[in-house]
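Trainee: Here is how the chains run, residue by residue.
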Amino acid sequence: MSDHDTHDHHGPEYLAHHFDTPEQQFESGKLGMWLFLVTEVMMFGGLFCAYALYRANHPDIFAYAHGFLDWKMGGINTAILLASSFTMALGVRAAQLGQQKFLILMLVLTLAGGFGFLIIKYFEYTSKFAENIWPGTQNLYYPTEGDQNTNTIVIKGQDEQLPITRQAQLNAIAVVEAKKLMHHGYTPHPVQASYDLYEKRGVFEALHDYDDYNLKEKGKETHYEHHILHMFAEAGVAKAIAKMDGHGGDQATDDGPPKGEDPPKDNAHAKDDPGHAEPKPKEGHSSDGPVYVADPAIDTTSIAGLVPVSGISAGASNIKPPASGKTGLVDSEAHAVALADARGGHGDHHAAPPLGMPDLRHAKYYIPYEFQPKSVQDRIHLFFQIYFMATGLHALHVIIGMGCITWVLGKALTGAFSPEYNVPVDIVGLYWHIVDLIWIFLFPLLYLIH
Amino acid sequence: MSVADRPITTDIYGEEIELKPGDNYINHSKGILSWALTLDHKRIGLMYMVVVLASFFLGGIFAIALRTQLLFGKASNIEDGSVIGSAMWNNLYNQAFTLHGAIMVFMFIIPAIPAILGNVVLPLQLGAKDVAFPRLNLMSFYCWMGGGALLGCLLIGAIMHLMMGGENAPAFLSYIPNGLDTGWTFYTPYSIQTNTSVIFATMGAFVLGFSSILTGLNFIATIHMLKPKGMGWFQMPLFLWALYATAVIQILATPVLAITLLLLAAENMLGIGIFDPKLGGDPVLFQHFFWFYSHPAVYIMILPALGVVSEIISVFSRKHIFGYKFIAYSSLAIALFGFIVWGHHMFTSGQSPMINALFSLLTMSVAIPSAIKVFNWLATMWKGRIRLDTPMLYAMGFIWLFTIGGLTGLPLAALSTDIYMHDTYFVVAHFHYVMVGSTLFAFLGGMYYWFPKMFGRMYNEKTGKWAWAVTFIGFNVTFFIQFIAGTQGMPRRYATYLDQYTIYHHISTGGSYILTIGLFMVLANWIMAKRGKRAPANPWGGNQLEWHTNSPPPHENFKYDPVGTDPYHYHDWKYDEKIDGYVLDPDHDPGNPKHKPAH
Ligand code: HEM
Ligand SMILES: [Cu+2]
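Protein chains in written order, with the working numbering: chain A, 173 to 622; chain B, 2 to 600.
Possibly wrong hints are sitting among the right ones.
[Unchecked claim] Dumping the calculated BS3-like pairs for lysine-lysine here, alpha-carbon to alpha-carbon at most 27 angstroms:
| id | chain 1 | residue 1 | chain 2 | residue 2 |
| --- | --- | --- | --- | --- |
| 1 | A | Lys202 | B | Lys228 |
| 2 | B | Lys560 | B | Lys463 |
| 3 | B | Lys31 | B | Lys21 |
| 4 | B | Lys579 | B | Lys531 |
| 5 | B | Lys279 | A | Lys300 |
| 6 | B | Lys560 | B | Lys21 |
| 7 | B | Lys575 | A | Lys202 |
| 8 | B | Lys575 | B | Lys463 |
| 9 | B | Lys575 | B | Lys230 |
[As the list claims (entries may be wrong)] If we take Cβ atoms under 8 angstroms as the criterion, some of the chain A residues that face chain B in the derived model are:
| id | residue |
| --- | --- |
| 10 | Thr193 |
| 11 | Glu199 |
| 12 | Ser200 |
| 13 | Val210 |
| 14 | Met215 |
| 15 | Leu219 |
| 16 | Leu269 |
| 17 | Gln271 |
| 18 | Ile292 |
| 19 | Glu296 |
| 20 | Thr309 |
| 21 | Gln557 |
Please keep in mind that the hints were generated in silico from the structure rather than gathered at the bench. A virtual CB, placed ideally from N, CA and C, is assigned to each residue, including glycine.
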């Protein structure tokens with residue numbers, strides 16, 4: 173181009189014709205990059221907004237669905253990106269000090285970090301795909317009509333493919349997820365436990381071989397009652413039962429597992445179970461826990477007798493634990509509605525509960541997929557959609573950042589940078605840091621939900 | 002050829018200079034590549050001018066198509082089997098108003114003033130040789146071209162479907178984009194259900210958005226870094242303040258549009274459901290996202306216009322601008338307020354009453370900085386020696402139309418009235434008064450104002466004034482009546498209407514034809530100016546730095562490094578009848594190299 177030929181260059185080679193001094197040029201470059209970073213923040217800000225909205229509206233969904241993500245892989249990737257940000261920063265410093273070789277080394281290491289991140293991302297995505305968790309319509313939780321969709325799962329160690337209906341797979345996952353969640357301090361809703369697990373015997377049988385999900389009971393004779401009790405024990409509901417037994421009708425709170433006390437007799441099996449070292453439910457949430465009272469009409473020693481106040485005892489709802497063998501979506505939907513009522517109105521987290529009902533608005537309990545109203549079931553996939561959009565867009569930025577680093581590396585190899593001229597390294601460094609920073613937000617928001 | 006064509010012009014001191022090949026940016030180098038790959042901000046500005054005006058023409062064709070359909074669309078014209086009111090008729094109308102809106106908004110009015118006038122004038126007003134990032138500037142132009150090409154494909158596809166579609170459509174037709182009928186707002190869930198090419202359109206707008214972002218980024222960096230000696234923030238011409246405030250919005254708001262459009266495209270491609278109520282998503286979230294960008298975007302459209310008008314009003318009143326700091330700060334205030342009022346587009350979308358009330362209040366507060374500007378312009382004109390040249394006519398027209406547009410925004414911002422007027426022709430009239438009446442008029446005024454600088458020729462003043470009169474009348478006839486139609490209940494976006502609205506539509510369509518004639522007169526005037534009188538360096542007597550160099554400026558803008566002075570101090574410029582322009586006494590030019598050590 174002839175653009176430059178008419179001007180006398182009164183500066184070094186890299187000084188563009190429209191700048192007076194190199195400082196002016198470098199400052200402009202940095203300002204430009206900062207402005208660009210603002211646009212990046214605003215763009216991801218939109219995604220974070222969508223995230224915040226859906227999470228605020230459906231905390232249970234997010235708590236539930238995030239359990240599918242592998243926080244270990246995410247954590248390793250966080251570490252990798254942090255390290256690569258560090259090497260990038262060292263590279264910028266090396267460029268400023270004119271340490272050419274060290275600069276090249278740092279750029280290569282940063283690039284390697286980017287590759288490492290993408291490789292792990294690849295395995296993470298493919299393992300999600302293997303669990304039928306896809307972006308878009310192929311997602312396991314994608315709203316469907318009826319129970320027609322059949323997925324296959326591959327049993328580890330065998331070549332056999334096990335057909336499983338989507339619904340069955342969902343139920344199975346729900347149970348396992350319930351357990352995972354309890355480790356995070358969530359409490360399974362007692363009513364759910366009281367009949368969900370009984371009724372879903374069929375699902376459990378399918379699950380026997382489904383060791384992807386690591387059911388500890390595998391290979392043993394499975395006692396479903398035992399299983400439930402175990403869940404209770406872990407979450408401390410048993411203690412609540414004990415209290416209720418003691419104080420008849422008094423309100424009791426779910427307070428964490430009994431420590432030091434003798435476990436109540438219902439809990440005995442749980443203690444025996446070698447498969448479960450008791451994880452400590454999180455402290456601090458217990459006072460928010462759901463409040464249960466015993467229904468005098470029902471034998472409180474049996475789990476089925478434990479119902480939330482909004483249910484049978486207050487007579488405010490016609491929901492009863494179904495007679496054996498009969499449960500369906502209609503029941504469960506109605507049930508979930510009742511739960512929502514107990515929380516203070518359907519879907520409205522702010523209204524006070526009806527008179528005489530306990531205030532469960534801040535109850536941190538967890539209702540498995542099966543027993544959510546359809547409106548909630550249909551939204552679970554949204555978590556994964558947001559997950560894929562956010563991490564996918566971020567991965568794209570990693571790739572772009574790696575492209576920029578490669579460009580700078582190319583220049584560094586020709587010895588282009590010096591203590592006087594190193595602003596490209598600086599600018600690319602800034603970009604790489606923002607890519608890192610975005611991940612620092614994405615990781616806890618997606619992988620570490622409590 | 003007349004005397005005017007002697008290759009002689011005058012410099013800022015009124016001395017004759019002979020024009021030689023290569024001494025200005027237009028003839029600096031030859032060949033198509035010297036334009037296509039240029040890094041010169043002025044050339045990039047001119048390239049933008051060509052393509053943006055072409056878009057305006059395209060968008061205009063759709064506008065005329067719409068108005069013409071509405072000439073015939075009254076209910077009693079609809080009979081069994083008639084074309085009027087048929088599915089085809091309605092579909093045509095839906096596509097036409099969508100493409101009209103999308104082209105006018107994304108391809109014309111957003112880039113018009115910043116990308117054309119801003120590109121040419123901004124570095125000149127800063128006394129700089131170029132924008133901070135010339136390469137990025139060119140890239141931004143090609144982003145625009147890419148986005149334009151995507152929307153262009155959409156358009157060609159729509160025409161192909163129109164001509165070949167139907168019973169025995171060829172098979173390949175199903176692979177061809179099918180136009181767009183969602184409205185420029187892309188509201189979900191319709192934009193998920195329609196079988197038109199939403200993905201194409203969103204990607205087009207996405208890429209155009211990139212262009213807008215890069216331009217804004219470039220302008221901010223340029224204004225920060227390339228101010229000349231003697232120019233602090235408050236010695237900057239107000240056009241620069243306006244472009245700065247615009248750029249802030251471009252940087253902060255456009256990325257939100259980008260993610261919105263990406264999500265919408267993913268919605269259409271993958272069915273992610275974030276905005277789809279059937280899949281548990283929230284369509285109102287889409288509206289929030291969209292208006293979080295698009296309300297600030299209306300200030301991307303109007304702020305540069307306000308800047309242009311501030312320049313013209315002061316220069317043609319031969320008076321220092323009144324309330325400089327108020328105008329400067331009100332630009333920033335509008336930019337920032339613009340971010341917290343988006344909910345006024347969603348009063349009927351089921352927001353909570355509390356939020357509605359809040360947005361209503363905030364919206365009205367935008368009227369304050371707008372009014373500050375209007376009062377300052379009026380105060381500037383007060384007791385000025387007003388020159389009624391074409392740019393000034395447009396600027397004064399602007400004040401009228403912007404006032405009407407702004408004031409009619411207030412009943413829309415008031416909840417009780419908006420519930421009634423939302424989605425009626427009242428809204429259509431309101432935003433055309435601010436977008437066409439204000440921004441387009443300011444753009445035309447700015448084009449006339451800087452025309453001599455850009456091309457080194459004078460347009461024909463008489464034709465210019467006539468064209469102004471025709472556009473002004475045409476515009477008001479077209480759109481004023483729509484306020485009335487709207488209050489009578491005529492809804493927007495319908496291809497047909499009850500007979501009682503016939504008179505409004507007929508008047509409006511008539512006005513649109515007058516407006517079209519006026520715009521063609523403007524275009525003809527510009528094209529004819531190819532043979533116009535050679536422009537002096539400073540035909541209007543402005544003291545902004547762009548008038549401190551030749552017309553057209555040399556490739557490097559200035560022969561010597563200019564020094565910033567008060568841009569609104571005109572006393573040193575004396576009118577010279579001989580050249581029909583203003584000349585500067587060399588002793589009063591702080592940038593005059595004779596008073597400086599050679600460099
Ligand atoms: C005093 C300043 C303004 C106020 C108070 C105001 C208020 C409003 C309100 C309340 C609406 C929503 C009406 C409805 O949909 O029911 C609206 C729509 C609109 N305004 Fe303004 N406005 C102002 C200035 C502007 C400016 C400067 C522009 C553009 C240059 C603009 C462009 C638009 C557009 C394009 C729409 C309609 C969008 C659509 O639905 O397609 N407004 N305005
Ligand atoms: Cu608005």
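Trainee: Each of the hints needs a verdict: does it hold here or not?
Mentor: Status of each hint after checking the structure:
1. A:Lys202 with B:Lys228: With a Cα-Cα distance of about 17 angstroms, the restraint between lysine 202 of chain A and lysine 228 of chain B holds, given a limit of 27 angstroms.
2. B:Lys560 with B:Lys463: Violated, because 33 angstroms separates the two Cα atoms, which is more than 27 angstroms.
3. B:Lys31 with B:Lys21: holds, 14 angstroms
4. B:Lys579 with B:Lys531: holds, 21 angstroms
5. B:Lys279 with A:Lys300: The given pair, whose Cα atoms are some 24 angstroms apart, holds under the 27 angstroms limit.
6. B:Lys560 with B:Lys21: Roughly 15 angstroms separates the two Cα atoms, so the pair holds.
7. B:Lys575 with A:Lys202: Answer violated: lysine 575 of chain B to lysine 202 of chain A is near 43 angstroms, above 27 angstroms.
8. B:Lys575 with B:Lys463: holds, 24 angstroms
9. B:Lys575 with B:Lys230: The given pair, whose Cα atoms are some 24 angstroms apart, holds under the 27 angstroms limit.
10. Thr193: violated, 11 angstroms
11. Glu199: holds, 6 angstroms
12. Ser200: holds, 4 angstroms
13. Val210: Constraint on valine 210 of chain A satisfied, holds at 6 angstroms.
14. Met215: holds, 4 angstroms
15. Leu219: holds, 6 angstroms
16. Leu269: violated, 26 angstroms
17. Gln271: violated, 29 angstroms
18. Ile292: Because about 23 angstroms separates isoleucine 292 of chain A from the closest Cβ in chain B, which is outside the 8 angstroms limit, the hint is violated.
19. Glu296: violated, 19 angstroms
20. Thr309: holds, 5 angstroms
21. Gln557: Cβ of glutamine 557 of chain A sits 4 angstroms from chain B, so the hint holds.
Of the numbered hints listed earlier, those contradicted by the structure are 2, 7, 10, 16, 17, 18 and 19.
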